[in-house]
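Given the sequences, and given the hints that come with them, work out the whole structure.
Number of protein chains: 2
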Amino acid sequence: MQESHGTVVLRYGHRPGRDDRMTTHVGLTARALGADRVVLPDNAGQSAETIRDITDRFGGPFAVELRDDQRAFTGGWDGTVVHLTMYGEPVQDVEGEVRAAHADGPLLVVVGGEKVPFDFYEEADFNVAVTNQPHSEVAGLAVFLDRLFEGRELEREWADADRRVVPMETGKRVVETGEADGSDGGAGGDGSDRGGGA
Amino acid sequence: MQESHGTVVLRYGHRPGRDDRMTTHVGLTARALGADRVVLPDNAGQSAETIRDITDRFGGPFAVELRDDQRAFTGGWDGTVVHLTMYGEPVQDVEGEVRAAHADGPLLVVVGGEKVPFDFYEEADFNVAVTNQPHSEVAGLAVFLDRLFEGRELEREWADADRRVVPMETGKRVVETGEADGSDGGAGGDGSDRGGGA
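Protein sequences, first through last, are from chains A and B.
FYI, in UniProt numbering the residues of the first sequence are 1 to 198.
FYI, in UniProt numbering the residues of the second sequence are 1 to 198.
Treat the hints with care, as some may be off.
Which copy? The list can't say, so a pair holds if one copy fits it or any two copies do.
Okay, derived cross-link-like pairs now, SDA-like style, lysine to any residue, Cα gap no bigger than 25 Å in a straight line [stated by the list, open to error]:
1) 115 - 37
2) 115 - 59
3) 115 - 53
4) 115 - 17
5) 115 - 104
6) 115 - 20
7) 115 - 68
8) 115 - 167
9) 115 - 170
10) 115 - 98
11) 115 - 21
Rather than coming from a laboratory, the hints here were simulated on the basis of the structure.
See the structure below:
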């Protein structure tokens, strides 16, 4: 979002095939819920392509980056590092402190995939848990971002979108951007829904 | 949670193999973030097993149900039906109304998998979007539940757990339940992390 400082989500580890869908959902969630950029392992090219495709169609700005030096990237981060893990401190207890740190500089949010090396727990400025229960890295990221931005991310405007979903009480409506009051995109729109958006 | 009325999450549609992990994450997210029960299609037995296993180890109460009559189940629901979809009304605009309805009776939250039939949009009391962007049904469910319960779900106590994660600033600590101050469970605990909990 156009916050004072950037918010970057890093997906730590990726097993091609098995993790494709989860990594894609991490990236799409980062985009939809207010991050400026997602950094994926360089073997997650397929997920990167999907996220870029959605950004091309539904708007940005949102950057997708593939890197082979994830550990060096987190180690060299000039700002605050949050590591989301079920072993960390409750999000409701530390979110204020994280927000205060983010007001002073950029924030890197690390979402584990394969096992995160133990010393990473010491390197992170905050180890944050969205409940201390096992559930989903996508769910944890979503709740964390919604709380970090205190809901402002839900009001974000998108630039350079080809299409836009018009919220409706019932039914599906997608308009081509530029149309003041376009026709119902219905099945012609991004019919997949992706279960997504919610 | 021990709210006045039950909260049930229904996963609509499931493709064995391809959807296993997403369906499992929907169920684990429902459990961790305050629902009382998840209803899965009857071909999602593997996901049901995983969710039950987590409940056995980390506590409940939380019920997992497999049904082959999902459409009849939603149609016969005696209470409010929320359908999460990127085409719906913004969660921030309707969450108060949904909460008010839930104060009067049970709530069914439907999470799409395969394409949800169009007439379901008309059947639902609320079509709710967590942003009108394509992202992840798991992310949408997580933000919806956190807002529905206004964060109270994060303080939930778990019954009949074999083990409990102790929140820590750094590191991993899992204690066997009953131990007043158990030893570090470390790798001996549920080391998988599942990227989970956050």
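Hint-by-hint comparison with the structure:
no. : hint      : in the structure
1   : 115 - 37  : within (22 Å within a copy, 29 Å between copies)
2   : 115 - 59  : between (33 Å within a copy, 24 Å between copies)
3   : 115 - 53  : between (29 Å within a copy, 21 Å between copies)
4   : 115 - 17  : both (17 Å within a copy, 23 Å between copies)
5   : 115 - 104 : neither (30 Å within a copy, 44 Å between copies)
6   : 115 - 20  : both (16 Å within a copy, 20 Å between copies)
7   : 115 - 68  : within (17 Å within a copy, 36 Å between copies)
8   : 115 - 167 : between (39 Å within a copy, 18 Å between copies)
9   : 115 - 170 : between (42 Å within a copy, 16 Å between copies)
10  : 115 - 98  : within (24 Å within a copy, 38 Å between copies)
11  : 115 - 21  : both (18 Å within a copy, 17 Å between copies)
Hint violations for this structure: number 5 only, all remaining hints satisfied.
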